[in-house]
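Undergrad: The primary structure of each chain is shown beneath.
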Amino acid sequence: MTAKRLAEGGRIDRGRTLRFTWDGGALAGLAGDTLASALLANGVRIVGRSFKYHRPRGLYGAWVEEPNAIVDVQHGEVQEPDARATTVELREGLAARGVNARPDVAHDRYGALDLLHPFLPAGFYYKAFFPDWHRYEPRIRAMAGLGRVATAPDSRRFQALTAHCDVLVVGGGPAGLAAARAAGESGLSVILADDRSAPGGSLLWQNATINGENGDRWADAVSASLGRGNVRIFARSTVFGAYDHGAWGMVERRSDAPAGWAGERLWTIRARRTVLATGAIERPLVFPDNDRPGVMSADAVMQYLRLYGVRAGEQAVVATNNDSAYAVALALRAAGAAVMVADLRPDLPPAAEAAITAGIRVLPGAVPLRAIGRDGVRLVDLGPQDATSPREAVMRVPADLLAVSGGWSPSLHLLSQARGSLRWDDGRAAFLPDRCPPDLHVIAAESIAAALVEGHAAGTDAAAALGARVTIAAPHCEPDPPATPIRAHWRVPIRRARQWVDLQNDVTSKDIVLAARENYSSVEHLKRYTTLGMATDQGKTSNVNGLAILAETTGRAIPEVGTTTFRPPYTPVPFGALAGLRHGRLFSPWRRLPAHRDHAALGAEFREYGGWMRPACYPRAGETAAQAIRREAAATRAGVGLFDASSLGKIVVGGPDAAAFLNIVYYNEVANLKPGRIRYALLLRETGIIYDDGVVTRLAPDRYLLSPSSSHTQGVLAMLEAWRQTECPAMRVAFHDVTAAWCTFAIAGPRARDVLARLTDIDLSDTALPHMAIAQGGIAGIPGRIARVSFSGERSYEVSLPAGYGPALLQRLLTEGTPHGITPYGVETSSLLRAEKGYILIGVDTDGMTLPGDIGMSGPLRAKPVDFVGKRSLLMPDALREDRRQFVGLLPDDPAAPPAVGAHAVEHTADGQRRSIGWITTSVHSPALGRGIALGMIERGRARAAAGETVELYHLGHLSRARLCSPVFFDPAGERLHG
Amino acid sequence: MLLIPCPWCGPRAEPEFSYGGEPVIRPGPAESVTDADWADYLYMRSNEKGAHRENWCHTNGCGQWFTLTRDTVTHAILSAEKP
Amino acid sequence: MRYSATSLLRQGLAGHRAWPAAWRSPPLQPRYDAVIVGGGGHGLAAAYYLAKRHKVGRIAVLERGWLGGGNTGRNTTIVRSNYFFPQSVALYDFALRQYEQLSEELNYNIMLSQRGVFYIGHSDHDMEMMARAVNAMQINGIDTELLSAEQVRAELPLANFGPDARYPIHGAFVQRRGGIARHDAVAWGYARAADGLGVDIIQNCEVTGFIIRSGKVIGLETTRGPVSAGAVGLSPSGHCGVLAAKAGFRLPITSYALQAMVSEPIKPVLHAVASSWATGMYISQSDKGELVFGAGLDLYPSYAQRGNLPTTQTIVAGMLEIFPAFRRLKLLRQWAGIVDVPWDYSPILGPSPVGNLYLNCGWGTGGFKATPAGGYFLAHAIATGAHHPISAPFDLGRFATGALIDEAAGAGITH
Ligand SMILES: Cc1cc2nc3c(=O)[nH]c(=O)nc-3n(C[C@H](O)[C@H](O)[C@H](O)COP(=O)(O)OP(=O)(O)OC[C@H]3O[C@@H](n4cnc5c(N)ncnc54)[C@H](O)[C@@H]3O)c2cc1C
Ligand SMILES: [Zn+2]
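Protein chains in written order, with the working numbering: chain F, 1 to 979; chain A, 1 to 83; chain C, 1 to 415.
Keep in mind that the hints were calculated from the coordinates and are not lab data. Don't take every hint at face value.
[Claimed, not checked] No farther apart than 30 angstroms at their CA atoms in a straight line, the calculated lysine-lysine pairs in the DSSO-like style are these:
1) K49/A / K216/C
2) K267/C / K127/F
3) K267/C / K55/C
4) K52/C / K216/C
5) K864/F / K674/F
6) K52/C / K127/F
7) K4/F / K127/F
8) K288/C / K267/C
9) K49/A / K82/A
10) K52/F / K288/C
11) K246/C / K49/A
12) K246/C / K267/C
13) K267/C / K52/F
14) K127/F / K216/C
15) K127/F / K288/C
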């Protein structure tokens, strides 16, 4: 093709040359170019290959509708696969490659596939390649896909934000500018979003005179005057989706983002009213070999000319079925090209006069019957619209550019997403807005003059609906002479030839006919069977033609065939922008202990436990984690250990009805607890399933302190609120989560009291502070609390001070404990100590099926006088079954080999199969017992344990045996709690 | 994205709320409820297509529970009641 | 005409002019022996098995829209049978075994691609739960393996092994027989085969009510007029509650929108199905090259067949956290289907409180993989009036005894 950059024209900066590469070759463009316009200016004709047949393809469009020019681009470290060359702004150093071709799109070896086309009709893969698809799939897969994704990390940043406005105007063409101008004048807050580098839309390349100036000037002036105060203009911003209650998704591309800032931002815009002024997309004309490079949308030809100063060819045929392409013909002529027009309407419209006057030959009643030229159009056959054979061509003309206009489809994607409806209009041969949601205004104007009027009206109406007034007049534009109606054209009835409907996915009119023949004749079946409209352009240029051909083939009218639903997004949205800042650590930030840094200084190995970063253990130099855990456990049992329990929940429950309320919510009796005393209690769901456990402390007659497990605190709080508000609204009780306000350290072991005695004035004698009691007083001179509870089986004190003292308290405890050999221990060690005692860990030993009876806590069900959450569920037939899984201990036959957690106990059924009777939930090597021990949930476990039964354990194909026993392995009498 | 009119705070965005199921009446006391009635309360739902009464909690806001009537097809909110 | 490479070649030379309709569009007859409500994969399969195995005479499938247009045509097509409870294994592995020979049986390529389904674990605790699940599956005869982090890296090299990973990868478990299949082909294949056996598939025909006499259903009201029926099978995913209400009973089901989405197509980079326990996302790459993925529900009831933006963002973020390289790709399409989620995430099958009315409901977020089983057991119930032993544990009555089959509680997987 002999496209070239003209000496003048275009919204480009001729002073700034940008170097870039295309498939490895060095080229240059200008600032303001898109990659597509730069390629065109450089005479690059083949920019892609079709998906299925690998046919050479050139640029068809100039913006988001482009089906062919899909490229991988790299700029610095940032790579983007499957970019659309028409929307990529050219930048210095950009490297672009065509996709899905070898070695490159100009010389694609797979081009030969086109010869096989008779055997690759729509849906061919459903009819062959079985029974064993696996034999064929790898090769077919390797052929598919477009670009290649780079895998190296980059420093690209994204952000997600929210904005609110009174009126959102989507689209900054004549209609959108007029709407924003009107709504803005009323003083309301307005957002105008336009996906190009500046508002203006078609005013920037089509002819118009508005309020006496050129349309592009007017657009620039209006944008400049609007972009302050109450009107915000977002350029390079695509509104891609309509969501509920006036919410819109918009992605903003910032070419000027400072280094380290988000280049792309995802906006959720909540608008009270929205004006959709998204313009229209020109449809292709469908005719044999209409996919040749050099066949372009007439409007795109105009855009290349006016926006970039690039003339797409020197010998042009402009083929049209409506008036709009005449302006293109004139512009090409004025730019020095030889031009001829084929208008398929039999009578020449008045619009043709100017063209004829300008010396352009206009052939009425003619459409292209074929574009000739494998790697680019050379010749065009013209003939009647109803030709059934290529021989009916009346003329063969040389051409390097075939600019086509098949009419205009208003972009109503967002209206459809917002649940508006569309109706087919025969006069305009297009879908137009039908029903529109009440907070929407939609413009689908036929001309710039109409767009200005309708846009102004929409802006005024939107303002009025919100109680604001617009006083300025609509922008004035001389209306075009009345247009001659479009004459619809869907394909040429030449049977044998291939006529492309969906260029990217290689769907031809024959495929549609085949689908109809096989009764895939609902629109959705058609789409899926042929892949029409499923390519990365989402059918922007193919949907209507496809529908119409289906209608024609099945003898229906277009409205009977219907239209497909448009799904978001309008154009592809970068995943990174959707995620915004939610990645890495920020995906779900960890919570840290008040004394986190001090633990780190102590050599803690941190792991995540339910969202908290906590020390797992404190390995010393040369020690493995397992060794550290054993050392810490032994030191705690022998002397004293220190454990940071600050993450444990702390919920204060207060009010005159606190006791009565908690007695409803908790499984265990908590109302008769004496002030100053503590009790272990379970919290059930209404289904009877154990949700959480923890200790309940009565601080005063009307005040309790709950200690849910670290990861359940929010959930427990929510549950309390739900029950208070919905089931017990008359109760006077309130909750306060004070978890973050306190730090808590457990001092456990026989020497615990000795350490503590050195820093508190609280009476630590067993009479004053027995097991399961709490006392308040000075700790290291600060008012705090000491609770005597134990999760290790040792004498243990939980010391709490306001969180800010966490680091200081930790240091002080370590200092005071040094003479006693105090040893910090972590969560894993704590878990080992509790396992030796048979204390359950919620979510580890229990799961979403465990009832309290299963862990041996059936007392409250029998004894508690009041109805409580989950009670009735414990009386259901399945809850009363005798063969439920029960919590037991297991002693492996090989004491040196604790079974794997997750191993199943199995029995053999009559037919020789294994059957699971339960599983191991905890398994450790116990330093206190000097052997492996385990806990598990086993069917009829308690009876089996009482009988001393042995079970077979299965783990990943390995078998072992273990004897069932009580889960309490260590100090069964509990003497050490007081030792 | 829903815009939910919290009866206490006014309209707020969907991520601030959590859905809390259909309003159900808890039968009791436990001893006098049949298995079938209890199962009905726990599990059976009318799951209305159209106007649907449902409990919501303004979790990341005022923390209050309230009842919405919402169209489950269009998501239009028909009313919001304080308990 | 039988489909085969030969017929394709022959037709290719003849301009593809002789392919017959894959199914007819017959008028609704006034009377059928059995009527299936819902022309998704399950309903079409039920009709096929009724005709094929039970030789029931006049059968109709009534579909309110176009066949396969419900969740069958909207799902992420993962098939697997790696369930925790033996009852579930029996059900889902039955389906998978049917799938393994379905292309041949239906003479339609459903493109079953058994590329392996990986569940990634992110902590020691996850790995312990996975061991528990894997052992349960192995005991029940399902092929699963527990993999180390290194093994995962070898098979899913793009998964996030970076130092900043919020969810470090500790390992995975995999079912190699799991994979994906072409959803439309499953619906179309069953439709074509059922039609070939004389089943009337009536599209654009919505069932609006039941005609019930003395506790038994004898017919249906439809938008195309009434029709009498010897027995009725309900297979209307997304509308189970609506139809149950019309028949006078309630189900333990809530309907939610479940989103799915695809990227633009890229050259193959992901050769298996991958899922993460931490973010709930699951992803595969289609034969066309698109990354197909999803995760959690929009967490409020909906019949809107579309999801909202915050959930989309959460799903995408969860996917990128596991596959950070994909952040440079773009979202091409996003949609949602209405899934009927039962309390315990297991389906509700067999007899209903109304005579002659049989249920195939509550497949929730994971019923595509069970399509052959749902159809098979619904056909069995309609033809015999009773449960097949495999469907018996899934009876509606389980809710009144509390004998739920809660896979989420058992294995932590819901999809
Ligand atoms: C986004 C998404 C992802 C999923 N991913 C997976 C996955 O990876 N793996 C998996 O196994 N499952 C998945 N599922 C679930 C799976 O899609 C469904 O469980 C399964 O397809 C249900 O099949 P069906 O034939 O029962 O339903 P459908 O295909 O929904 O068919 C039910 C049909 O009933 C019709 N109907 C409803 N009411 C009436 C009426 N009154 N009269 C007549 N017809 C009626 C509907 O129009 C519909 O066509 C996913 C679901 C969704 C939405
Ligand atoms: Zn509120």
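Undergrad: Taking the hints in turn, state whether each one holds.
TA: Hints, one by one, checked against the model:
no. : hint            : result
1   : K49/A / K216/C  : 25 angstroms, holds
2   : K267/C / K127/F : 24 angstroms, holds
3   : K267/C / K55/C  : 46 angstroms, violated
4   : K52/C / K216/C  : 26 angstroms, holds
5   : K864/F / K674/F : 17 angstroms, holds
6   : K52/C / K127/F  : 21 angstroms, holds
7   : K4/F / K127/F   : 47 angstroms, violated
8   : K288/C / K267/C : 9 angstroms, holds
9   : K49/A / K82/A   : 23 angstroms, holds
10  : K52/F / K288/C  : 10 angstroms, holds
11  : K246/C / K49/A  : 12 angstroms, holds
12  : K246/C / K267/C : 49 angstroms, violated
13  : K267/C / K52/F  : 14 angstroms, holds
14  : K127/F / K216/C : 42 angstroms, violated
15  : K127/F / K288/C : 17 angstroms, holds
Hints 3, 7, 12 and 14, counting from the list given before, are not met by this structure.
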